[in-house]
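K.L.:
Quick note: the sequence shown, position 9, residue 9 per the working numbering, numbers continuous.
Hints are supplied without guarantee of correctness; some may be wrong.
Distance windows between CB atoms, simulated [what the hints assert, rightly or not]:
hint, residue 1, residue 2, range
1, Asp40, Gly4, 35 to 41 Å
2, Val16, Ala64, 17 to 23 Å
3, Ile18, Asp40, 23 to 29 Å
4, Thr3, Lys39, 39 to 45 Å
Keep in mind that the hints were calculated from the coordinates and are not lab data. Backbone N, C-alpha and C fix where the C-beta goes; we use that ideal spot for every residue, glycine too.
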Amino acid sequence: MLTGGIGFIFAYWFVVAICANISGSHFNPAVTMTFMIRKDPGKFTRILGIAYILAQLAGCFGGALLAFMWTQNGGLLIVHKDSYIFQA
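Using the sequences and the accompanying hints, generate a full structural model.
P.N.:
Here it is, written out as C-alpha cells:
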C-alpha cells in the first residue's frame, strides 16, 4: 500500500512538473473553477475554463475506462493458435 502511494506521488509530481508551463497544472476541475471565479480579468477566461473542464472530464473517463479494462481478468495476454490476444 505504501509503495503504491509513493509511486503515485512521484508520478503526479512528474506530470505536474512537465505540464506546468503548458496548462498551469490544471488537473482538477475544482482548480479550474477557482481560476474561473477569481476576479482577474483577462488572465483566465470562462471559455478557456470550460474547455479545460471538458478536457479534464474526457481524460477522467478515458483513464477510468483503461483502468476498468486492465483489471478485468487481470489483463491477460493469451497466446492462441499462433496469435496473440491481449485482453486489456
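K.L.:
Against the structure shown, which of the earlier numbered hints fail to hold, in ascending order?
P.N.:
none
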